[in-house]
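Peer 1: What follows is the residue order along each chain.
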Amino acid sequence: DTAVSQTPKYLVTQMGNDKSIKCEQNLGHDTMYWYKQDSKKFLKIMFSYNNKELIINETVPNRFSPKSPDKAHLNLHINSLELGDSAVYFCASSQDVSGTQYFGPGTRLLVL
Amino acid sequence: AQSVTQPDIHITVSEGASLELRCNYSYGATPYLFWYVQSPGQGLQLLLKYFSGDTLVQGIKGFEAEFKRSQSSFNLRKPSVHWSDAAEYFCAVASGGGADGLTFGKGTHLIIQP
Chain A
1 DTAVSQTPKY LVTQMGNDKS IKCEQNLGHD TMYWYKQDSK KFLKIMFSYN
51 NKELIINETV PNRFSPKSPD KAHLNLHINS LELGDSAVYF CASSQDVSGT
101 QYFGPGTRLL VL
Chain B
1 AQSVTQPDIH ITVSEGASLE LRCNYSYGAT PYLFWYVQSP GQGLQLLLKY
51 FSGDTLVQGI KGFEAEFKRS QSSFNLRKPS VHWSDAAEYF CAVASGGGAD
101 GLTFGKGTHL IIQP
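Chains A and B, in that order, are what the protein sequence lines are. Numbering of the first sequence is given in our numbering, commencing with residue 1 and proceeding in unit increments. Numbering of the second sequence is given in our numbering, commencing with residue 1 and proceeding in unit increments.
Only chain A is shown next, with the shape it has when bound in the complex (with noise of 0.2 Å):
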């Protein structure tokens, strides 16, 4: 059984769309992440959810607004998007406070 799994695992789109990427988790964790990774495989927390309220917002533009409808999912939504937001966005899980966090396979993000 896959523990965190993403939809789509490609996106392909043209500046300006309007997109989501979705993330469930089956691990029962009270907490979830989206993470950025760069063309240079350089990984930077984006937002944090502990059971459903937000945590985080590590000053990511407002076009990107998370969606958690319930423990076990929090989805991305991105707005007008950017040739700058192509990249790999990664979503995480975790349940204590020892912050170990499992990854989903992540979305590959192109914009054109």
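Think of the hints as simulated: they come from the structure by calculation, not from any bench. Because the structure is a prediction, the values reported are computed rather than measured. Just so you know, not all the hints are guaranteed correct.
[Claimed, not checked] Across the chosen pairs, the derived CB separations fall in these ranges:
1) A:Leu110 <-> B:His10: 19 to 27 Å
2) B:Gln2 <-> A:His77: 22 to 30 Å
3) B:Ser52 <-> A:Leu110: 22 to 30 Å
4) B:Ser18 <-> A:His77: 24 to 32 Å
5) A:Glu53 <-> B:Glu15: 28 to 36 Å
6) B:Gly53 <-> A:Pro61: 36 to 44 Å
7) B:Ser72 <-> A:Lys40: 19 to 27 Å
In this text, a Cβ means the ideal position worked out from N, Cα and C, and glycines have one as well.
Let chain A serve as the given structure and place chain B on it in line with the hints.
Peer 2: Same frame as chain A, now just chain B:
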């Protein structure tokens, strides 16, 4: 603010040789430390983690890491690498709260020579 430095961008090792990947962190309190591995086109897999206790931690795939508070380091080691170990390796630090997210180093790309 916490930070992680991986000083080696690329490392090349012969198959069967030993490996050490360096990681230095900056954090005020006792950190939670992690090593993740990312194979090409794949997600991140947790290799091992340190929270407290024994400073030498064992992980999966024959990896181990040693936490040295005096050097603010958490270096990853493997006694004998395999060609399948070729990947990107990331060191990360978390503060005490699980919801704070991880701060990653920039990664070390490991190349295995036959």
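Peer 1: Each hint should be assessed against the structure and marked as holding or not.
Peer 2: Status of the hints after comparison with the structure:
The hinted window of 19 to 27 Å between Leu110 (chain A) and His10 (chain B) holds, with their beta carbons roughly 25 Å apart. Between Gln2 (chain B) and His77 (chain A) the CB atoms are about 29 Å apart, so this pair conforms to the stated range of 22 to 30 Å. Range check, Ser52 (chain B) to Leu110 (chain A): about 42 Å between beta-carbon atoms, so the 22 to 30 Å window is missed. A hinted range of 24 to 32 Å for the beta carbons of Ser18 (chain B) and His77 (chain A) is inconsistent with their spacing of about 47 Å.
Between Glu53 (chain A) and Glu15 (chain B) the CB atoms are about 48 Å apart, so this pair departs from the stated range of 28 to 36 Å. At roughly 41 Å, the beta-carbon separation of Gly53 (chain B) and Pro61 (chain A) lies within the given 36 to 44 Å, and the hint holds. One distance hint, 19 to 27 Å for the beta-carbon pair Ser72 (chain B) and Lys40 (chain A), holds here, with the actual separation near 24 Å.
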